[in-house]
Amino acid sequence: MALLVSGARFGKDQDGFLSLLSQPAAATQHAHSPTIIKSPSGILMEYQFRDIEKKWQAHWKQSGVYHVSNESDKPKYYVLDMFPYPSGAGLHVGHPLGYIASDIYSRFKRLKGFNVLHPMGYDAFGLPAEQYAIDHGIHPAVSTENNITNFRRQLDNIGFCYDWNREVRTCEPSYYKWTQWIFLQLFGSYYNRQTRKAEPITELVKVFEQNGNAGHPCPGDASTVFDAAAWKGYDFKQQQEILMHYRLSYCGFGEVNWCEALGTVLANDEVVNGVSERGGHPVVKKKLRQWYLRITEYADRLLEGLQTVDFSDAMKEMQTNWIGKSEGAEISFKIESGKLKVESGLRVYTTRPDTIFGVDFMVIAPEHALVETITTAEHKETVEQYIAWVKSRSERERMAEKKISGVFTGAYAVNPFDGRQIPIWISEYVLAGYGTGAIMAVPCGDERDHKFAKYFNIPVTNIIGSFYNGEEANPTKEAVLENSGFLNGMLMKDAIGAAINAIEEKEIGTRKVNFKMRDAAFSRQRYWGEPFPVQWKDGVAYPLSSDALPLELPHVDSYKPGPEGEGPLANIDSWTASHYETNTMPGYAGSSWYFLRYMDPANDKTFCDRKVSDYWGQVDLYIGGTEHAVGHLLYSRMWTKCLYDLGYIGFDEPFRKLVNRGMIQVAAVLFTGCMVKTYLFLRV
Amino acid sequence: MATELNTEEFVKWRNAEFAGAEFILEDGSLFVPKGGRWGPFISEGLIVEKMSKSKVNTVNPDDLVIKYGADTFRMYEMFLGPVEMSKPWDTKGIEGVHRFLKKCWRLFADETKGWIVTDEAPTPAELKVLHQTIKKTEQDTERFSFNTGVSGFMIAVNELNDLNCHKRAILEPLCILLTPYAPHICEEIWHRLGNSGSVLDASFPVFNPAYVAETSKAYPVAINGKTRTELTIALTATQAEVEQLVLADTTVQKWLEGKSPKKIIYVKNKMINVVI
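Same order as they appear, the protein sequences are chains A and B. For the first sequence, position 503 (counting from the first letter as 1) is numbered 517 according to the working numbering, and the numbering increases by one without interruption. For the second sequence, position 201 (counting from the first letter as 1) is numbered 217 according to the working numbering, and the numbering increases by one without interruption.
Any given hint might turn out to be false.
[To be verified] Distance condition first, Cα-Cα at most 27 Å in a straight line; then the derived DSS-like pairs of lysine-lysine:
#1 A:68 to B:118
#2 A:69 to B:151
#3 B:129 to A:126
#4 B:129 to A:68
#5 A:75 to B:83
#6 A:90 to B:103
#7 A:126 to B:83
#8 B:119 to A:68
#9 A:68 to B:108
#10 A:88 to B:278
#11 A:330 to B:151
#12 A:551 to A:246
#13 B:119 to A:671
#14 A:75 to B:144
#15 A:69 to B:119
#16 B:151 to A:90
#17 B:118 to A:671
#18 B:83 to A:69
#19 B:83 to A:68
#20 B:152 to A:126
[What the hints assert, rightly or not] Covered stretches of chain B, as calculated for chain A (at least 3 residues, CB under 8 Å):
#21 98-104
#22 112-122
#23 193-207
It is worth saying that the hints were derived from the structure and are not from the lab. Ideal placement from N, C-alpha and C gives every residue a C-beta, glycine not left out.
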């Protein structure tokens with residue numbers, strides 16, 4: 015949702031706002047010299063808050079009163095704030111809302127006899143520091159350090175009871191050494207669907223040598239099937255490619271927004287209407303090597319875990335919707351295109367197999383692998399034009415688009431039950447990354463399909479009788495089916511199971527659980543992030559050994575992107591000569607496990623001693639904004655589950671209770687000439 | 017990029033918190049006119065802008081800490097409303113919170129007389145205020161209702177001020193209760209009360225329900241079934257004591273006109289009826 019007002023207007027008024035801010039500062043001058051009243055004994059007895067606060071802040075620092083021990087007879091309590099990104103703007107009134115709340119609660123718990131862990135640190139890698147470096151030529155390490163100094167000064171002014179001995183900064187090599195180490199654990203593990211947990215990939219190799227992959231279908235590529243003999247027959251590189259499809263952190267190819275003119279990869283937000291936000295240059299989709307987290311393997315456990323934590327219903331709903339579990343069927347339709355017959359067929363996933371007799375057309379994503387094969391000669395030109403146009407559009411634009419667009423391929427699918435020919439269309443509203451990249455369209459039951467049918471004059475088959483009024487689709491499950499062959503007369507919700515049974519009987523498809531959630535992209539073509547502890551040789555990724563960590567981020571003088579969309583590290587000869595990965599990790603890497611490091615921040619043997627994490631356990635209270643609902647709060651849950659599976663920690667949910675702080679909406683009266691206006695600034 | 021606000025989406029946003037908002041779009045920027053949902057916060061009309069990390073238009077807490085102190089700033093941020101709710105930032109009320117802390121300080125120290133805390137024994141009324149505050153602070157803090165916690169302290173300080181209470185037996189536990197919210201002033205008071213070490217190493221005061229139990233009740237007094245007056249009587253009073261008090265009351269005497277009542281009905285915790 016867009017909330018920004020016109021930049022020009024805002025810029026004009028901003029000076030006025032800033033000058034307003036200086037008013038309290040001016041008033042402070044007077045407040046600084048109060049009338050000094052002395053008691054008869056000569057002691058100042060007015061409430062001298064400035065002296066009092068300065069004195070006790072200094073005393074707290076010097077006496078170490080907030081130092082927390084990992085050994086105590088008292089019960090433990092762990093209160094955590096979402097640590098800040100140290101931006102140049104410093105702290106504003108919105109930050110402390112959560113920090114003050116957690117500080118009050120920490121002190122309260124300590125008075126109630128608990129040993130309270132209440133730490134603070136900095137989420138210090140990220141794009142703003144890199145952009146600042148590009149604009150001002152100041153190294154991100156320098157500007158980050160300056161910003162942290164400023165944040166710390168501001169935090170100290172408010173008198174928080176943080177144990178600063180436990181401070182972490184995600185950009186410090188002594189910290190990201192362990193981020194890299196955890197990455198290597200993910201790289202060295204797969205998700206065993208039989209035991210429902212992460213296990214070492216070396217164990218999987220042993221299974222392959224005995225039985226092939228029959229018991230462990232390949233999560234990255236379902237078509238990869240082999241027996242023990244075949245496995246042994248593969249060369250090293252082939253074996254590594256197969257294992258890459260199982261690893262919990264893995265390298266694959268993904269589409270990015272590539273801007274040739276800027277020579278860089280852009281985030282979705284930086285692309286507007288197919289051109290770069292900066293400069294308005296054309297942006298195209300480009301396949302680049304990317305790292306991912308195989309979070310989809312944890313989809314079920316991430317859902318189940320929500321039952322064991324104290325999060326708000328709204329937060330649980332956001333995560334549940336994001337994971338988007340649905341049950342349905344994957345069905346294969348035969349294709350007829352002119353004389354060509356594609357027996358392998360067009361695979362679609364549907365949650366409503368009961369509507370199979372209402373399928374009036376199919377829609378495939380413009381990126382679908384079959385596009386070239388099935389498009390007939392007479393439709394070739396229009397299809398190519400359409401695909402070129404779609405390439406210029408971001409995924410978000412495609413999803414938000416209300417205008418209907420699409421082209422007919424000239425090919426038909428065949429309904430497996432009544433043999434009816436179903437035209438196959440291409441449209442941008444079907445995304446390649448979701449499901450199979452193809453859908454069966456049932457216009458009488460789905461509004462999007464209905465609009466598409468009306469727009470292109472595709473006849474609509476009514477299978478729900480009076481439930482369909484001819485004007486708009488009705489997604490009901492309560493109708494009695496008509497025009498539906500063997501399903502006629504059945505209530506739709508009962509027909510779902512019957513249809514799946516028939517599909518399985520005919521061997522044209524299978525019952526299937528589908529998730530909306532995709533594997534999480536885990537790399538960026540940027541400088542200011544954790545380097546991957548990986549070397550590439552002959553197309554195979556070799557992990558560094560643990561004792562080679564940390565792989566330190568090298569110093570650069572220029573933050574310009576490397577060739578062909580690679581990150582700035584590709585410009586460093588010594589880096590590329592060692593064949594190191596040139597991507598860096600994304601902003602959420604360091605924040606996915608920082609709550610564990612606070613427990614044992616100085617340990618140089620391991621990320622957190624098991625005895626120590628057994629003592630502190632879960633975060634008892636986590637306070638922060640809702641904006642991290644489907645990012646940080648999901649990734650950190652996944653990392654925790656992996657570390658638990660591998661036996662490094664004793665709990666599999668990181669946060670027992672989550673409290674979401676609200677926003678502070680900043681209003682200030684702004685004087686412009688004789689007009690008085692009030693401006694409201696919303697802070698997320 | 018200038019981006020137009022989708023006003024339809026905006027009013028639906030955040031459980032329709034902005035449902036009452038009216039919009040005037042001017043030069044692509046959004047105006048919310050006077051009145052409506054935001055009426056109390058605006059004097060003319062307002063433009064809505066989502067603040068981001070990269071914008072410099074943040075309001076800096078430093079200025080407020082310098083002017084009013086950290087303890088005032090902490091309590092004020094909590095006083096704005098429930099921590100989970102979004103709320104407008106308006107520094108108008110910060111003066112009130114600052115005055116509260118000054119008033120709290122004056123329970124302990126007088127500007128001319130100096131430190132005025134005494135070792136006198138507390139009265140039941142003072143103990144009642146303290147133990148009500150213990151209970152409220154504990155409940156409110158435990159359920160993250162910090163805003164009502166702050167107002168609980170304000171009530172307590174006002175009541176103790178009215179009772180002219182400067183007694184250590186009341187004020188020392190109060191200092192511990194207030195510590196999580198206003199740690200600096202409490203550390204100073206703790207120290208001035210002669211304690212060593214941090215107030216954080218004290219124990220949270222224990223609530224005693226006996227001190228807050230009601231000891232008396234205001235009864236409506238009826239003459240022949242019609243309420244004529246009210247009398248506050250101890251809950252432990254016997255029938256004889258009640259009769260004595262009722263007969264001594266001037267309003268009752270007026271209605272009796274010198275006669276003796278046939279009967280005085282006393283239902284504990286309910287009513288008193290004088291039958292003539």
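Now the hints, each set against the structure:
no. : hint           : in the structure
1   : A:68 to B:118  : 17 Å, holds
2   : A:69 to B:151  : 31 Å, violated
3   : B:129 to A:126 : 35 Å, violated
4   : B:129 to A:68  : 25 Å, holds
5   : A:75 to B:83   : 23 Å, holds
6   : A:90 to B:103  : 33 Å, violated
7   : A:126 to B:83  : 32 Å, violated
8   : B:119 to A:68  : 21 Å, holds
9   : A:68 to B:108  : 25 Å, holds
10  : A:88 to B:278  : 67 Å, violated
11  : A:330 to B:151 : 32 Å, violated
12  : A:551 to A:246 : 22 Å, holds
13  : B:119 to A:671 : 36 Å, violated
14  : A:75 to B:144  : 37 Å, violated
15  : A:69 to B:119  : 21 Å, holds
16  : B:151 to A:90  : 23 Å, holds
17  : B:118 to A:671 : 36 Å, violated
18  : B:83 to A:69   : 17 Å, holds
19  : B:83 to A:68   : 14 Å, holds
20  : B:152 to A:126 : 15 Å, holds
21  : 98-104         : holds (count 7)
22  : 112-122        : holds (count 4)
23  : 193-207        : holds (count 8)
Consistency with the previously given hints fails for numbers 2, 3, 6, 7, 10, 11, 13, 14, 17, ordered from lowest to highest.
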